[in-house]
Amino acid sequence: MSQETLPNQYTSLFDNKMLSMLERMRLNPTRRLTNRSRGEHLSGKGGTSTEFSDYRNYVAGDDVRYIDWNIFSRLNRPYMKQYQHEEEMHVVLILDASSSMDYEDKFLRCQQLAAAFGVMGLLNFEKVSAYACNQKGGRPAKLSPCTGRISMKRLFDFLAKIQVGGDSPIEEAIEDVLRSHRGRGVAIVLSDYESFGDLQRPFNMLFSAGMEIFGVQVLGPAEINPEINGDLRLVDSESGQTLDISSAGDLLRLYHEHRALLEDHLAMLCRQRSGRFMTINSGDSLEHVLFDQLRRKGWVL
Amino acid sequence: MNFWPGFYSLQGAWYLLLLVPLVIFYFLKLKRPHKHVPSLALWSQVINDRRVNSPFQKFKRSILLLLQILLLLFLVLSLMQPYIQSGSDRAQYLPILIDCSASMAATDPDTKISRLDLARERVTELIDNLLPDQRISLVAVSSTAHRLTDFTDNQRVLKQALNGLTVDDVPSKLEDALRMTQALSRTVPIKTVLFYSDGNFPKEVSFDLPFELNYQKLPSAGSNIGITSFNARKNQSGNWDVFIRLENSPKYENPATIELKQDSQTVAKEELVLGKGDSQRIEFSINTISGSALEAVLTPGSFDSLPADNRAFLKIPSARSLLVFISPDLASYRYALSENKDLELYPEKEESAGPAEYDLIIAASETDLDKPALVKLGVGFVPEELQQYISLETKLTDVVDWNRSSALLRHVELNDVQITEQPVWAENAGVENLEGLGYEVLVHGRLGPLLLQKRNSGELEFYFLFNTDHSTMPYRVGFPIMVSNLIQLTLQEAGIAEVQASATPVLPAVEYVPEKKYQIRTPDGQQLSAESNKNGLVSGIAALHVGKYLITGEGADSAEICVSLLNPQETSLVSIDEIQFSEVPVTASQTQIDSDKPLWVEFAVIAFVLLLVEWWYFQRRPVGIPS
Chain A
1 MSQETLPNQY
11 TSLFDNKMLS
21 MLERMRLNPT
31 RRLTNRSRGE
41 HLSGKGGTST
51 EFSDYRNYVA
61 GDDVRYIDWN
71 IFSRLNRPYM
81 KQYQHEEEMH
91 VVLILDASSS
101 MDYEDKFLRC
111 QQLAAAFGVM
121 GLLNFEKVSA
131 YACNQKGGRP
141 AKLSPCTGRI
151 SMKRLFDFLA
161 KIQVGGDSPI
171 EEAIEDVLRS
181 HRGRGVAIVL
191 SDYESFGDLQ
201 RPFNMLFSAG
211 MEIFGVQVLG
221 PAEINPEING
231 DLRLVDSESG
241 QTLDISSAGD
251 LLRLYHEHRA
261 LLEDHLAMLC
271 RQRSGRFMTI
281 NSGDSLEHVL
291 FDQLRRKGWV
301 L
Chain B
1 MNFWPGFYSL
11 QGAWYLLLLV
21 PLVIFYFLKL
31 KRPHKHVPSL
41 ALWSQVINDR
51 RVNSPFQKFK
61 RSILLLLQIL
71 LLLFLVLSLM
81 QPYIQSGSDR
91 AQYLPILIDC
101 SASMAATDPD
111 TKISRLDLAR
121 ERVTELIDNL
131 LPDQRISLVA
141 VSSTAHRLTD
151 FTDNQRVLKQ
161 ALNGLTVDDV
171 PSKLEDALRM
181 TQALSRTVPI
191 KTVLFYSDGN
201 FPKEVSFDLP
211 FELNYQKLPS
221 AGSNIGITSF
231 NARKNQSGNW
241 DVFIRLENSP
251 KYENPATIEL
261 KQDSQTVAKE
271 ELVLGKGDSQ
281 RIEFSINTIS
291 GSALEAVLTP
301 GSFDSLPADN
311 RAFLKIPSAR
321 SLLVFISPDL
331 ASYRYALSEN
341 KDLELYPEKE
351 ESAGPAEYDL
361 IIAASETDLD
371 KPALVKLGVG
381 FVPEELQQYI
391 SLETKLTDVV
401 DWNRSSALLR
411 HVELNDVQIT
421 EQPVWAENAG
431 VENLEGLGYE
441 VLVHGRLGPL
451 LLQKRNSGEL
461 EFYFLFNTDH
471 STMPYRVGFP
481 IMVSNLIQLT
491 LQEAGIAEVQ
501 ASATPVLPAV
511 EYVPEKKYQI
521 RTPDGQQLSA
531 ESNKNGLVSG
541 IAALHVGKYL
551 ITGEGADSAE
561 ICVSLLNPQE
571 TSLVSIDEIQ
581 FSEVPVTASQ
591 TQIDSDKPLW
601 VEFAVIAFVL
611 LLVEWWYFQR
621 RPVGIPS
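Keeping their order, the protein sequence lines are chains A and B. Under this note's numbering, the first residue of the first sequence carries the number 1, and numbering increases by one thereafter. Under this note's numbering, the first residue of the second sequence carries the number 1, and numbering increases by one thereafter.
One or more of the hints may lead you astray.
Counterexamples of contact, computed for chain B against chain A with all Cβ distances above 12 Å [what the hints assert, rightly or not]:
id, residue
1, Pro-38
2, Ala-41
3, Gln-81
4, Leu-148
5, Asp-150
6, Leu-184
7, Phe-243
8, Ser-484
9, Leu-491
10, Leu-550
11, Ala-588
Estimated spans, in silico, between C-beta atoms of each pair [what the hints assert, rightly or not]:
id, chain 1, residue 1, chain 2, residue 2, range
12, B, Tyr-617, A, Gly-240, 30 to 38 Å
13, A, Arg-24, B, Tyr-617, 52 to 60 Å
14, B, Ser-62, A, Arg-253, 17 to 25 Å
15, B, Ala-604, A, Gln-293, 26 to 34 Å
SDA-like, lysine to any residue: derived pairs with alpha carbons at most 20 Å apart [unchecked claim]:
id, chain 1, residue 1, chain 2, residue 2
16, B, Lys-35, A, Arg-233
17, B, Lys-548, B, Ile-561
18, B, Lys-35, A, Asn-229
19, B, Lys-35, A, Asp-284
20, B, Lys-35, A, Asp-102
21, B, Lys-35, A, Ser-237
22, B, Lys-371, B, Glu-511
By construction, these hints were calculated from the structure, which means they are not laboratory data. For every residue, glycine included, the Cβ atom is placed at its ideal position computed from N, Cα and C.
Using the sequences and the hints given, assemble the complete structure.
Shown next, in the form of structure tokens:
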């Protein structure tokens, strides 16, 4: 889906005002999964930055340069002064670009959220890469890891040019991404998660790869509150499979139950892997999602 | 009552075959609407849910089919025209006789519903339950029978006729209606005849029932008090004694006030209390010479069921002398009447020409009887038209028998009267020949009739076939009595000594200009027309309502004739439980007639409700959608 960019707008995905607000925000992962390479992301481990972190007992072999001599003079015992370690965090954006996302601005909302997360990563000097998966078995479209404000335009262009359509299920898409991805950090998986497959394996692989999972389920209003009745033949947008249902109105209660169960299941899968999960209605405004929902849930700071 | 329904149109069951295409089309559903969804993942889970596949849910999923099947079933059942069988034989042609006599206007003290309205309700129920092969004919019964509708199953026509039915202020007479129904039974097969009445009619009915009569007796009304007789007689002093008879129904004691109006002015008033079933005659005396219109008004002190009998009308004629012509040969009659001051006897000695019309003519020859008169008495000759049947012989004879109830022979003893002229029957002649000519034999002799009576339009004629002067009759005490009876009869005919209020259902005959048209305006505003006969008599006008009838036309000069109910039976509101026919009695049925009840309307309504339910079910907002 490509958006026309207005001449005075930096990107077609959102306006400049929102972009400037996003620039002041950053991701708030619960785990500190960072790369060994130096970066600006503060690691929980002791480091060599100028920010004080903690004290610990001196053990043989420690670098004596980090002994706090003031304390040694008072207590006559050596204590090691520790500093915060600033390491690089990799933000991986995985977008589900299959046909099921081509409903009710679901994919547009995916693009906007991915761009927003990407901006937060880039402007905090994190490494950001993006993958768009649509065709089953095909290689996902990839934005190579990039950093800094300078890469923002590349990211927007990549996201804006993603063509939606295909039959790639999200579980396979994640596995495809992991085949080429290197680095620890945060994996933000944007999809509707309406898949017949099991997400346990791809989530395990993400976890094993040192990624903290941010699962974002984007659903359309008609998926959250379908208004259908009577006898219908439902057609799957990806596979073209059909399913005949009778008295659809009577099944809606069960549909809501199953949708809630899926949400709970996905949330549990993420939580078990120290991740987070959130369902977003594509009918809600982007401002509401970014500055209200995500903030209140502590996803961003 | 048989609770298993019958079906009038069983062939409608063929429509049940429509169930087959209904089910086939429901399941095939050639055009099931397609709905594209992002993914079937959730819907597959829903469909595979154990709860969806439970038998009840499967049933719920097919509830539309079930509703459609039920809808079709009820429609087909309606087409089959079911009915609940009453258990009784179903009459195909059913005449319904409805009593419309005065007593049917009697109302109930609590509900204020008249008997006719009650009958109307019951007949309406029958009409509503009419089955397609049944035909009803409505007949109104009052003093005559009036067929309201032909045999029809058109409920609108029947109900229209029923609603147009009104009470006539007349006594009821069942025979006419039964005869009419008998005539109807010659064209269509009639097994049963329904008769709705309050039971206020003569118990004995002279009729041979060719069908079964179902007499549906309506509940009795409240108490009633009314005027049952109103007459006046001129007394010796020249005043009029007015007699009013009041009767009370047997239910309750009733106080009442009776008021007598003379030319719209109250001249007398009396309050009285009548016990249960009591009758009381009240007498007033009034003075009038030029004639007056009297009206008796009864004001009941408590609830009165029937208002029609609370008014009665009477017209007092102006006073005058009777004009009597007596043949000079009949000295005995002239002698007997000469002392009566109220008579003017003709021919007078001085002048031979008398008035053009007489009240009474006593003539010894047939030519004298040609003069117009109210009452005529021929003495000593056989009328010309009877001469072929009777001849006179000069032979001594006497009286064998006589009609003692005749007005002329009241209190007259004719035993031992010797007669010198004997009327003799001609060969093969008899009473029936005379009756064929309108004569009635009042006195029988040994070989022939001695005295005959004939009503000739407005004239009353008597014929002594022997000369009374040639018998011992003038010497007997019965002779002046007979002459006095003759004068009384003449007074009655002239209406100048005793008058009686006219009663429904026919106006009294009045005499105007011959062969002219007259318009009559009834108390309820209807216009009737009648034509006078060659004698100027206007007669046979139906007077179905109490009140004043205004006659206009040449010579009528807007004359008013008033009629009253004056019927003790109707006033008493007595009802009979059994009608005594010539052969069998018919007892009143206490239970309402049980007719077959058609059910197609109920089934059609259920089908319509099912249609609405199905529509609602199909269109309703799906459950589970937050409002």
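Here is how each hint holds up against the structure:
1. Pro-38: violated (4 Å)
2. Ala-41: Non-interface label fails for Ala-41(B): nearest chain A Cβ at 5 Å, not farther than 12 Å.
3. Gln-81: holds (35 Å)
4. Leu-148: Holds: least Cβ distance 56 Å, greater than 12 Å.
5. Asp-150: holds (54 Å)
6. Leu-184: holds (60 Å)
7. Phe-243: Nearest chain A Cβ is 88 Å from Phe-243(B), so the label holds.
8. Ser-484: holds (105 Å)
9. Leu-491: Holds, because the least Cβ-Cβ distance between Leu-491(B) and chain A comes to about 98 Å, which exceeds 12 Å.
10. Leu-550: holds (76 Å)
11. Ala-588: holds (61 Å)
12. Tyr-617(B) / Gly-240(A): 30 to 38 Å: Holds - the Cβ-Cβ distance for Tyr-617(B) and Gly-240(A), about 32 Å, lies within 30 to 38 Å.
13. Arg-24(A) / Tyr-617(B): 52 to 60 Å: Because 55 Å falls inside the window, the suggested range holds.
14. Ser-62(B) / Arg-253(A): 17 to 25 Å: Since Ser-62(B) and Arg-253(A) have Cβ atoms about 18 Å apart, the given range 17 to 25 Å holds.
15. Ala-604(B) / Gln-293(A): 26 to 34 Å: violated (58 Å)
16. Lys-35(B) / Arg-233(A): Between Lys-35(B) and Arg-233(A) the Cα gap is close to 6 Å, so the pair holds against 20 Å.
17. Lys-548(B) / Ile-561(B): Holds, at roughly 6 Å.
18. Lys-35(B) / Asn-229(A): Status holds; Cα separation ~11 Å.
19. Lys-35(B) / Asp-284(A): Violated - the C-alpha atoms of Asp-284(A) and Lys-35(B) are around 24 Å apart, more than 20 Å.
20. Lys-35(B) / Asp-102(A): holds (15 Å)
21. Lys-35(B) / Ser-237(A): This hinted pair holds, its Cα atoms lying about 10 Å apart.
22. Lys-371(B) / Glu-511(B): holds (17 Å)
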